[in-house]
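Engineer: Listed in order, the protein sequences are those of chains D and F. Counted from 1, the first sequence has number 79 at position 79 by the numbering used here; the numbering is strictly sequential. Counted from 1, the second sequence has number 50 at position 50 by the numbering used here; the numbering is strictly sequential.
Taking lysine-lysine and the DSS-like style, the derived pairs with C-alpha atoms no more than 25 Å apart in a straight line are:
#  : chain 1 : residue 1 : chain 2 : residue 2
1  : D       : LYS175    : F       : LYS292
2  : D       : LYS80     : F       : LYS129
3  : D       : LYS323    : F       : LYS325
4  : D       : LYS175    : F       : LYS241
5  : F       : LYS210    : F       : LYS241
6  : F       : LYS292    : D       : LYS80
7  : D       : LYS241    : F       : LYS175
8  : F       : LYS80     : D       : LYS292
9  : F       : LYS323    : D       : LYS325
10 : F       : LYS129    : F       : LYS16
11 : D       : LYS175    : D       : LYS210
12 : D       : LYS291    : F       : LYS93
13 : F       : LYS195    : F       : LYS210
14 : F       : LYS291    : D       : LYS175
15 : D       : LYS93     : F       : LYS291
16 : F       : LYS91     : D       : LYS292
17 : D       : LYS325    : F       : LYS325
18 : F       : LYS292    : D       : LYS91
19 : F       : LYS260    : D       : LYS80
20 : D       : LYS129    : F       : LYS80
21 : F       : LYS291    : D       : LYS91
22 : F       : LYS80     : D       : LYS291
23 : F       : LYS93     : D       : LYS292
24 : F       : LYS292    : D       : LYS93
25 : D       : LYS260    : D       : LYS292
26 : D       : LYS292    : F       : LYS175
27 : D       : LYS291    : F       : LYS175
28 : F       : LYS291    : D       : LYS80
29 : D       : LYS291    : F       : LYS91
30 : F       : LYS80     : D       : LYS260
Calculated from the structure, these hints are not laboratory results. Predicted model only: the values in this text are computed from it and were never measured.
Residue-level listing of the chains:
2 protein chains.
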Amino acid sequence: MVELFVGIDLGGTNIKIGCFDSELNLLCKTSTPTDADMGPEAVVEKMAEAVEQLVAEAGFELQEVCAAGIGSPGPARYSKGIIVNATNMPKFKNVPLRQMLSERLGKLVVLENDANAACWGEYVLGAGKGVEDMAFFTLGTGIGGGIITNGELVHGWDDNGAELGHIIIYPGGRKCGCGQRGCAEAYASAASTAKRAAEAIEAGAESSLKEVLEKKGKITSKDVYEHLAGGDELAREITDKTAEALGILCINVLHATEPKRLVFAGGMIAAGDVLLNRIRDYFDEHIWALKKETVEICFATLGEDAGIIGAAALAKRLYEHNKGKS
Amino acid sequence: MVELFVGIDLGGTNIKIGCFDSELNLLCKTSTPTDADMGPEAVVEKMAEAVEQLVAEAGFELQEVCAAGIGSPGPARYSKGIIVNATNMPKFKNVPLRQMLSERLGKLVVLENDANAACWGEYVLGAGKGVEDMAFFTLGTGIGGGIITNGELVHGWDDNGAELGHIIIYPGGRKCGCGQRGCAEAYASAASTAKRAAEAIEAGAESSLKEVLEKKGKITSKDVYEHLAGGDELAREITDKTAEALGILCINVLHATEPKRLVFAGGMIAAGDVLLNRIRDYFDEHIWALKKETVEICFATLGEDAGIIGAAALAKRLYEHNKGKS
Chain D
1 MVELFVGIDL GGTNIKIGCF DSELNLLCKT STPTDADMGP EAVVEKMAEA VEQLVAEAGF
61 ELQEVCAAGI GSPGPARYSK GIIVNATNMP KFKNVPLRQM LSERLGKLVV LENDANAACW
121 GEYVLGAGKG VEDMAFFTLG TGIGGGIITN GELVHGWDDN GAELGHIIIY PGGRKCGCGQ
181 RGCAEAYASA ASTAKRAAEA IEAGAESSLK EVLEKKGKIT SKDVYEHLAG GDELAREITD
241 KTAEALGILC INVLHATEPK RLVFAGGMIA AGDVLLNRIR DYFDEHIWAL KKETVEICFA
301 TLGEDAGIIG AAALAKRLYE HNKGKS
Chain F
1 MVELFVGIDL GGTNIKIGCF DSELNLLCKT STPTDADMGP EAVVEKMAEA VEQLVAEAGF
61 ELQEVCAAGI GSPGPARYSK GIIVNATNMP KFKNVPLRQM LSERLGKLVV LENDANAACW
121 GEYVLGAGKG VEDMAFFTLG TGIGGGIITN GELVHGWDDN GAELGHIIIY PGGRKCGCGQ
181 RGCAEAYASA ASTAKRAAEA IEAGAESSLK EVLEKKGKIT SKDVYEHLAG GDELAREITD
241 KTAEALGILC INVLHATEPK RLVFAGGMIA AGDVLLNRIR DYFDEHIWAL KKETVEICFA
301 TLGEDAGIIG AAALAKRLYE HNKGKS
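Please put together the full structure from these sequences, using the hints given.
Structural biologist: Structure follows, in structure tokens:
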């Protein structure tokens with residue numbers, strides 16, 4: 001009998017599911033939409049049916065699945081397997097998701113923060129391979145984070161560790177959605193990057209992005225990077241500030257847990273080397289002189305599969321841990 | 001036969017040594033001076049003799065000592081037991097201190113960063129008792145740090161984790177001795193607190209500290225807090241900035257590893273509640289609104305013994321770990 005592991009990425013609009021062998025090779029994957037009206041029972045049923053169908057399509061039996069992992073947004077009590085709230089699913093309040101799916105499938109289930117799951121995926125099979133200490137930043141609408149120290153994910157006392165986007169970079173600076181001022185997220189998320197560009201144009205800055213704003217009524221971070229490639233000066237200034245915030249964020253995380261590798265993921269990394277190199281420049285410009293730092297600042301390599309890979313890897317880890325104890 | 005553990009705090013001018021029972025009760029302690037000319041062999045011999053004498057004075061036999069721990073300043077390769085450099089002892093270059101003392105005493109020895117050793121002491125027996133996740137800040141000439149997450153010290157990939165004083169709070173701000181600008185240490189160490197006061201007076205600020213500066217030629221952080229108690233406005237401003245930097249530092253460390261307790265130690269805590277309360281005020285003022293934080297910001301309770309207690313506790317832990325394996 002083969003040993004299979006299932007990785008589930010519970011998003012606001014979709015549930016992504018992957019089926020993996022014991023070497024964590026992705027055998028097949030699927031995606032199924034969720035909607036805001038669904039209650040926990042309906043979501044669990046949908047998840048379970050999708051898992052059953054996926055395993056069958058891959059030519060295996062459900063009994064060959066050893067364990068499943070779920071990556072989910074918070075706030076949650078991950079260690080207890082409970083979703084406290086789900087922004088996109090109002091019917092989710094204190095849902096014991098781990099137990100519900102475990103009982104429905106008759107399998108061992110692990111629940112993890114979505115950014116942590118993706119971080120663990122990159123650590124095991126992606127940009128973090130070969131190191132014991134890593135930091136992970138997802139540059140999306142917001143900035144999520146993950147930290148691995150001594151080969152373990154940092155959870156924090158209340159399951160809210162590694163909220164790296166909310167490290168304050170510029171005290172008294174831009175207001176962040178979290179209520180703080182000057183967070184990394186208020187400068188360097190995709191949403192903030194776009195917003196800073198729009199604000200500058202509205203304040204009178206000259207830029208080729210002006211036409212985009214007038215035509216579409218908004219600017220995206222993708223627009224900023226496209227116009228940067230086209231030589232637009234405002235796009236360069238906006239990108240520089242994004243990179244400075246991220247360079248200082250790297251320094252601050254370095255002085256906390258000293259990761260060997262700092263990995264950026266999320267939609268913004270489509271900007272490519274022009275962004276990555278500026279982050280490295282600012283890191284080098286601001287970092288101390290007490291010792292020569294040889295940490296690596298790089299992009300994630302697993303793309304959108306990082307979440308399901310990480311969730312499956314955590315499931316495998318839990319399964320093997322439990323097997324070792326019995 | 002009783003089981004004893006020895007804790008050693010290797011400082012720039014003194015070696016402090018404590019002898020502990022298996023419950024980590026301090027049985028007796030001693031201190032012996034070092035001088036800059038001493039080479040590694042002389043320091044190890046001095047350390048070993050002091051241990052032997054201390055154990056004898058306490059009425060025990062050396063064979064009752066199970067293990068010893070050393071807390072030492074870096075840079076060092078703690079995991080390998082090697083001191084790379086010792087600022088105050090120029091003859092220390094790549095010294096395998098752990099092995100040397102282990103061979104001389106015939107005992108198991110562990111080498112740890114001095115701030116980490118003190119952090120571990122507070123964690124086991126002091127202000128960190130009862131939590132699994134803690135951050136530790138020593139407010140001395142500089143600012144040292146320690147982080148415990150999931151009950152383990154964070155070392156970082158290159159043994160330079162938890163350099164919390166060098167987290168950047170004000171980018172482009174005051175120059176720090178490390179070469180960065182705007183580090184917490186550049187505002188909130190004892191030396192920086194005193195220096196900011198002196199600079200303000202030299203720039204023309206009115207203050208009762210002016211007389212101190214004129215009379216003694218310098219100001220200490222102790223002077224600042226004494227004059228704060230006396231109602232001096234400049235002392236209040238200086239203390240406020242110290243507290244703001246430390247409050248933001250607490251937030252940034254919270255968003256990294258989410259400690260339940262943030263513990264301040266070092267000479268500066270003699271300032272008392274007036275400082276502690278301002279740090280808490282700034283933490284509350286700047287912290288996010290996404291959730292109500294219930295972390296505790298407090299002072300260390302073990303005083304100068306934290307280092308020897310932590311070193312002995314680490315020795316005990318290593319001994320028990322090795323015993324468990326055999």
